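A.B. asks: One-letter residues, chain by chain:
Number of protein chains: 2
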Amino acid sequence: MAQHIVSSFDEELRQLDQLLREMDELSGSMIRRATQALLEADVELAQKVVTDDREVDAKQRDLDDRAVTLIARRQPMAQDLRLVVGTIRMAADIERIGDLAKNIAKRVGAVGQTPISPELSASIQSMSDLVLKQVDAVIEHYVARRPEDLVELRDNDEKIDIFYTSIFRELLTYMMEDPRKITACTHLLFCAKNLERVGDHVTNIAENAYYILTGQQLPVGRPKQDELSRMESTKGS
Amino acid sequence: MAQHIVSSFDEELRQLDQLLREMDELSGSMIRRATQALLEADVELAQKVVTDDREVDAKQRDLDDRAVTLIARRQPMAQDLRLVVGTIRMAADIERIGDLAKNIAKRVGAVGQTPISPELSASIQSMSDLVLKQVDAVIEHYVARRPEDLVELRDNDEKIDIFYTSIFRELLTYMMEDPRKITACTHLLFCAKNLERVGDHVTNIAENAYYILTGQQLPVGRPKQDELSRMESTKGS
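One line per chain: the protein sequences are A and B, in this order. Take 1 as the starting number for the first sequence in the UniProt record's numbering and just add one per residue. Take 1 as the starting number for the second sequence in the UniProt record's numbering and just add one per residue.
Keep in mind that the hints were calculated from the coordinates and are not lab data. It should be emphasised that the depicted structure is a prediction, and the values quoted were computed from it without experimental measurement. In this text, a Cβ means the ideal position worked out from N, Cα and C, and glycines have one as well. Be careful, since some hints might not be right.
Below, in silico cross-link-like pairs of lysine-lysine (DSBU-like), each with a Cα-Cα straight-line distance of 35 angstroms or less [as the list claims (entries may be wrong)]: (1) B:K159 x B:K181; (2) B:K48 x A:K159; (3) A:K193 x B:K133.
If you want the footprint, here are the derived chain A segments under chain B, 3+ residues with CB under 8 angstroms [claimed, not checked]: (4) 76–85; (5) 189–200.
Okay, chain A solo, but in the shape it has when bound (with noise of 0.2 angstroms):
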């Protein structure tokens, strides 16, 4: 039988870091095209979104065995094992993102050619921006260990929710307004909140990937306003 060249711990854990890497950008791909599909009924760049998801499911299963298979090999200890676990953690919040660009572009064909304002349009675009910022952002500072440099990806996190409060307001005037749009919108509105669930994600990635630099919680920077509470809050106006 022929004998695998075993390859160092460190390779293994290189390649962990390769295959993180590509299911990020293909996924932060994914988030782009959908927007994109979403906002000029592109129904067919919609459909190749939805394929690629494939892709990015493989990739995770690759690193998912390799992952397991290190751990059970070579038996790491603390900080070697909550680098690969966490490895496995990050992997499965990207695959995540992914099922989120995929469950936009499905939208693509239920909203059709119904008119989307510029403003809506360009609220929506600048949402898919900053969440495609984060999302590349994420991976790459992990990838080059600069913990330092996630904390501010939890921060820029607000500044998405806050888009979404914005976005869901505008829909629910479209809405008030012209009763024809409100299937459309309700779709729109799901968009929306697929685009700031990725956010999520994002920040998930950013905790995991802090513990796993430094042993160290992310640190927690002002405490986050969820959609419900900003809305009751301001209820009255």
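Chain A is fixed; fit chain B onto it per the hints.
C.D. replies: Here is chain B on its own, set in the frame of chain A:
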């Protein structure tokens, strides 16, 4: 230094099963109470559900720690490794179910006293009951090592999806009839979507459990038709 008593591998696996079961029971109870809080506008009950989510999270961390330590220490091979890794994955899905119940609970305040029609209330209750039945059953079948019973869970998920599509349409109708209800209805829409997503997590758990127990993929039932394709196909009606 005091020596810990080394328990048997089987005993450690039994403990993982027990934690999985506790997480599942608590998440199920959170769904039941979140639905009740929503339909009875019971803000206090909702708050209790939000708090309970921390316990689910703590149990998941406990399970993860034990499972990872088990892998590193015992180096299980093939089937045992599949079992331990599968348990970590199932716990992650149960943790998400708790999150979804919490999210429903957090919307109770925003829906507020907006009257919900008896028909809609009955639909949401029935959907929630079916979802809860699935959540209870999946871990029960797994812990009892009954892979054959897992198959019907996936078929039941189709019924949950049909409920969701019907509630989605009902809510659209209410919104069109009375724009003042739009805000409350969008929150109810997210609640129904959350219940539908719980169903998806149960399917994930069933797939994992079946694979752990048999080494095979869960047999494919009839192809899943999702909300969007179902709506597309009846768009003209």
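A.B. asks: If you check each hint against the structure, which ones fail?
C.D. replies: Result: no hint breaks.
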